[in-house]
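Protein sequence lines correspond, in order, to chains A and B.
When we follow numbering that gives the first Met the number 0, the leftmost residue of the first sequence carries the number 0, and every step to the right adds one.
When we follow numbering that gives the first Met the number 0, the leftmost residue of the second sequence carries the number 0, and every step to the right adds one.
Think of the hints as simulated: they come from the structure by calculation, not from any bench.
One thing to keep in mind: the hints can contain errors.
As the list claims (entries may be wrong) - So the derived list for chain A, only partly shown, Cβ under 8 Å to chain B, looks like this:
1. L22
2. K25
3. L26
4. E28
5. L32
6. E36
7. V42
8. F45
9. D47
10. V58
11. A66
Just so it is clear, CB atoms sit at the ideal spot from N, CA and C, and this is done for glycine as well.
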Amino acid sequence: MMNLTQLGFGKKAIITKVNGQVLALKLFEMGLLPGEEVELENVAPFGDPIAINLSESKVCLRMQDAACIEIKTID
Amino acid sequence: MEKKEITVALVGNPNSGKTSLFNALTGLNHKVSNFPGTTVEKKTGSFKLSPEKNAHIIDLPGTYSLYPKSADELVTYEILRNKAETNYPDLVVFIADASNLKRNLLLFTQVADLKVPIVLALNMLDVAERRGIKYDIDKLQEKLKVPVISLNARKKEGIDKLKELLLNDDLRVTAEYFSLQNVNSQLLDDLSKVTDKRNKYAALQYAINASSLISEKAKRLNEIFKHYQFDLIGFQEEEVLTRYKIIDETVKYARLKNVSQLKASITSKVDKILTHRYYGISIFLVLLLLVFQAMFSWSEYPKDWLEYGLGAFTNYVENTLPAGVLNDLVVHGILAGLTGVLVFLPQIILLFLFIAILEDVGYMARVGFIMDRIMRPFGMNGKSIVPLIGGMACAVPSIMATRSIENKKERLITILVTPLMSCSARLPVYTLLIGMMLEDSAKFGPFNVHGLVLMLMYLIGFFAAILSAWVFKLFIKQKEKTYFILELPGYKVPVFSNLLITIYEKGSAFVFGAGKIIIAVSVILWVIASTGPQANISKIENKYEALLNGNTNDSVKKELQLKMNAEKLEASYAGEFGKLIEPAIRPLGFDWKIGIALLTSLAAREVFVGTMNTIYSVNDDGDNSFSHIKTKMMAEINPRTGKPSYNTATFLSLMIFYAFAMQCMSTIAIVKKETDHIKWPIIQFLYLTALAYGSSFLVFNLFS
Chain A
0 MMNLTQLGFG
10 KKAIITKVNG
20 QVLALKLFEM
30 GLLPGEEVEL
40 ENVAPFGDPI
50 AINLSESKVC
60 LRMQDAACIE
70 IKTID
Chain B
0 MEKKEITVAL
10 VGNPNSGKTS
20 LFNALTGLNH
30 KVSNFPGTTV
40 EKKTGSFKLS
50 PEKNAHIIDL
60 PGTYSLYPKS
70 ADELVTYEIL
80 RNKAETNYPD
90 LVVFIADASN
100 LKRNLLLFTQ
110 VADLKVPIVL
120 ALNMLDVAER
130 RGIKYDIDKL
140 QEKLKVPVIS
150 LNARKKEGID
160 KLKELLLNDD
170 LRVTAEYFSL
180 QNVNSQLLDD
190 LSKVTDKRNK
200 YAALQYAINA
210 SSLISEKAKR
220 LNEIFKHYQF
230 DLIGFQEEEV
240 LTRYKIIDET
250 VKYARLKNVS
260 QLKASITSKV
270 DKILTHRYYG
280 ISIFLVLLLL
290 VFQAMFSWSE
300 YPKDWLEYGL
310 GAFTNYVENT
320 LPAGVLNDLV
330 VHGILAGLTG
340 VLVFLPQIIL
350 LFLFIAILED
360 VGYMARVGFI
370 MDRIMRPFGM
380 NGKSIVPLIG
390 GMACAVPSIM
400 ATRSIENKKE
410 RLITILVTPL
420 MSCSARLPVY
430 TLLIGMMLED
440 SAKFGPFNVH
450 GLVLMLMYLI
460 GFFAAILSAW
470 VFKLFIKQKE
480 KTYFILELPG
490 YKVPVFSNLL
500 ITIYEKGSAF
510 VFGAGKIIIA
520 VSVILWVIAS
530 TGPQANISKI
540 ENKYEALLNG
550 NTNDSVKKEL
560 QLKMNAEKLE
570 ASYAGEFGKL
580 IEPAIRPLGF
590 DWKIGIALLT
600 SLAAREVFVG
610 TMNTIYSVND
620 DGDNSFSHIK
630 TKMMAEINPR
640 TGKPSYNTAT
650 FLSLMIFYAF
660 AMQCMSTIAI
670 VKKETDHIKW
680 PIIQFLYLTA
690 LAYGSSFLVF
700 NLFS
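Model the full assembly from the supplied sequences, consistent with the hints where possible.
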């Protein structure tokens, strides 16, 4: 099982599941939903947080929160 | 008869163009105040819909959902949920970013399900089109069952169409986007006994939000939820996902196919550079340096003009008003104090302008992104950077801006340390002191040394802020889990008129807000500096009267006059007070005159310059042009040491004192309001005073 922290630079994936009660709700509201396509676009200095491209917006989050998002890569 | 005024609320996600639309609708015809009981900035304005009908419009803080996570989102929710609220709108204009319609519609359907009349305004269609997204407005309207219009808030297009739509009296919401069919109806009945009777969705939503508070009602609500084993978070997640499903269908139905996408977005390319892993932070620091350089050099000419103009005005008033106490009060009290501060308006406006540009362009969010990791060990997060940078302009709005920080501990720490950031009120103080300490033309490579020293003062403030934050982190308890999820909006070219409006708001707030304090302080100061125990004053007057009468040489007379004024100031109440506290501040290198200024600066820092002006103007031979204060202060001899009162050690010590000390009534008031407890402003005042005193002592002794 892969999570968002394992996604390579510039690679795309589909969100399969979002864990973590309150956090999941906030992520949903920001558009990070199961089924949504994500792409790792930027990494901040010191490797954390990361910026993710969604189909219609761009959101940044910390690695520890990204670990709650399960993904599967698309070839 | 028809109602003459309707209340319209502007609701939407952050970054959807709400402020642009608000400005396009109202122009300068608006005012900024606070929502009752809170410090969240409330912008209201009005405009004509028709000859008989006015619209009163409120700009509500941007939010992502009606389950608020932060204090500013709570304001929006509170107004929309409560029909008894005075700001409750007759109509909501929901502004949505068309390039990100799905997420924007999530909040839209939540608001519409509260059954408040609503119209949907699609904004940023040009951005969407560039990304290959285009919608059939009629189809959207058909699916959503509310009026939908397109507009371009930045270019002010479609505004008339929107106004026309607002004239329509029959804008009820008939659709229901999310139904509660899966929720136990017995639970809903029980809840509505505790909350009031209203639409079921609104009641459940209110119960969920209220259950996290600490109150009698929350206790009862929690009991009911527990009784039915209702999973609060699970329900909210399900609600959001269900809404997204409905929205997905709508958006797919209304989206035009075969729209070709233009080039890859410019945002990605710019972000590759500005948020770069290795250079991102350096770019940020260089940008800050440029801002300070520009602020310093661009303000030079307008500052000279203001000095000249205000000096001429002061002379005019002095010569026009009949000589006497009134003349003296106006010229040496009010005008001297005001001039000292008003000449810094250009710098302050420039600073606000640069911050507004960085915010408008979308760069501030990036700064949060690249700085989050650095802020974390200090008990803050990336969102703290916006208040901290804003603190360079003014701590008061910045402390209000901490409302977007979800985590309570991180927010509290940010509030406690923001006053350490060098605000614009310190600018006049620094500028005056740096100007006396260094030659005007001093250069270091291509840089103006004044600008560099100023930058150094700002850096000192910043490091003091994060170090204090680290200390607070050790002492303040943490309960909730912290996260940092922030949208990085697409880069935009700032709208000129929006910038102008921002500057106008901030500039007038400074002139009128600070002006009031300065006039009051100047008057009081003038009174206590020009009066004193009668016996002492008379003794000095008698002593000099004899000397003056016995002398015919004009220049000798002038000198005697000056000496008399100096002695009178020392004998005045202000002088007595200054002398009283002098022992306490002598270790810092300050004399009793600075002591008076320190006292008056307790109201606001910029008063320092006005006070110095007033003190040295009371002690004056009639020539009160602004530049003279510098010469006069430099010529001052400390009678105790026989050396000049001001030397490098004094200047540095004073600057450090002003960098750290909590000398701002407005900040104290706002911290009390924001933290909801008198404890925090007191702690803040004490630690900042201790820090200021200790550091000044150290600096003075190191350099003298």
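Against the structure, the hints come out as follows:
1. L22: Where the cut-off is 8 Å and the nearest Cβ of chain B is about 6 Å from L22 (chain A), the hint holds.
2. K25: holds (6 Å)
3. L26: holds (7 Å)
4. E28: This interface hint holds because 5 Å falls under the 8 Å limit.
5. L32: holds (6 Å)
6. E36: violated (12 Å)
7. V42: At about 6 Å, which falls below the 8 Å cut-off, the nearest Cβ of chain B leaves the hint on V42 (chain A) intact, so it holds.
8. F45: holds (4 Å)
9. D47: holds (5 Å)
10. V58: Given a least distance of 5 Å, the restraint on V58 (chain A) holds.
11. A66: violated (12 Å)
Of the hints listed earlier, those the structure fails to meet are numbers 6 and 11, in rising order.
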